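Asks: In case you want the letters, here they are:
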Amino acid sequence: DMKVTQMPRYLIKRMGENVLLECGQDMSHETMYWYRQDPGLGLQLIYISYDVDSNSEGDIPKGYRVSRKKREHFSLILDSAKTNQTSVYFCASSSGTGAETLYFGSGTRLTVL
Amino acid sequence: GDQVEQSPSALSLHEGTGSALRCNFTTTMRAVQWFQQNSRGSLINLFYLASGTKENGRLKSTFNSKESYSTLHIRDAQLEDSGTYFCAALHSNYQLIWGSGTKLIIKP
Chain A
1 DMKVTQMPRY LIKRMGENVL LECGQDMSHE TMYWYRQDPG LGLQLIYISY DVDSNSEGDI
61 PKGYRVSRKK REHFSLILDS AKTNQTSVYF CASSSGTGAE TLYFGSGTRL TVL
Chain B
1001 GDQVEQSPSA LSLHEGTGSA LRCNFTTTMR AVQWFQQNSR GSLINLFYLA SGTKENGRLK
1061 STFNSKESYS TLHIRDAQLE DSGTYFCAAL HSNYQLIWGS GTKLIIKP
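Heads up: the sequence lines are chains A and B, in that order.
Every letter in the first sequence is one number past the one before it in our numbering, and letter 81, counting from 1, is 81.
So the mapping is simple: our numbering equals the position in the second sequence, first residue as 1, plus 1000.
Hints listed in this document are in silico derivations from the structure and should not be mistaken for laboratory results.
Only a predicted model underlies this, so the values are computations on that prediction, with no experimental measurement involved.
Quick reminder that beta carbons are idealized off the backbone N, C-alpha and C, glycines included.
You may find that some hints are simply not true.
[To be verified] For lysine-lysine, the following DSS-like pairs were computed, each having C-alpha atoms within a straight-line distance of at most 30 Å:
id, chain 1, residue 1, chain 2, residue 2
1, A, K82, B, K1054
2, B, K1054, A, K70
3, A, K82, A, K13
4, A, K82, A, K69
5, B, K1066, A, K3
6, A, K13, A, K70
7, A, K70, A, K82
[As the list claims (entries may be wrong)] Partial list, computed: chain A residues near chain B (C-beta under 8 Å):
id, residue
8, Y10
9, G42
10, T86
11, T101
12, F104
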């Protein structure tokens, strides 16, 4: 079964704390993504990863970094979280160079107090 | 920059009826994907089209790259079709550009 798994589903952190969002996929997809979605808005690309240790900035990378040490795992890290990083974060994966169908995880709702 | 304009921004339908959602592109795109974001917030891929038309159950999508648009037709709408529908177009530089979504409400 094709699946993208995100952990945790909900997370509350205080401003200045570090945040780790994890994403896994079981489809051996080369390309993985991190998006954020704010209320009433579409998706904004934070980072894209084309394979292990091959990561590129998306449209809004400031305040975030990523790590991809295994093809099936892609992590999003917030060093010293800010209140304006409160959002819903989605991970996605696709095969090839990213020009194929995206499969999304169920999202992580992050609240930074 | 190059954009994807999605319309309408909101739509209300009675069960059993149908309608069309549309995405217009400001430049030639390679392909388009359609997603439904359901009431639980999950994003479900509906279609991927590089050209032509695809159909799946009560949904049908068309992508016309020459005329720079794509449509998603819903027929015989059901309550579970409620949600927000997004299109995402694949630019010639392989960047994925998202529309701002159509919020669809299905009424009994």
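Asks: Now tell me if each hint is right for this structure.
Replies: Here is how each hint holds up against the structure:
no., hint, result
1, K82/A - K1054/B, "violated, 43 Å"
2, K1054/B - K70/A, "violated, 35 Å"
3, K82/A - K13/A, "holds, 9 Å"
4, K82/A - K69/A, "holds, 26 Å"
5, K1066/B - K3/A, "violated, 34 Å"
6, K13/A - K70/A, "holds, 27 Å"
7, K70/A - K82/A, "holds, 28 Å"
8, Y10, "violated, 11 Å"
9, G42, "holds, 5 Å"
10, T86, "violated, 15 Å"
11, T101, "holds, 4 Å"
12, F104, "holds, 4 Å"
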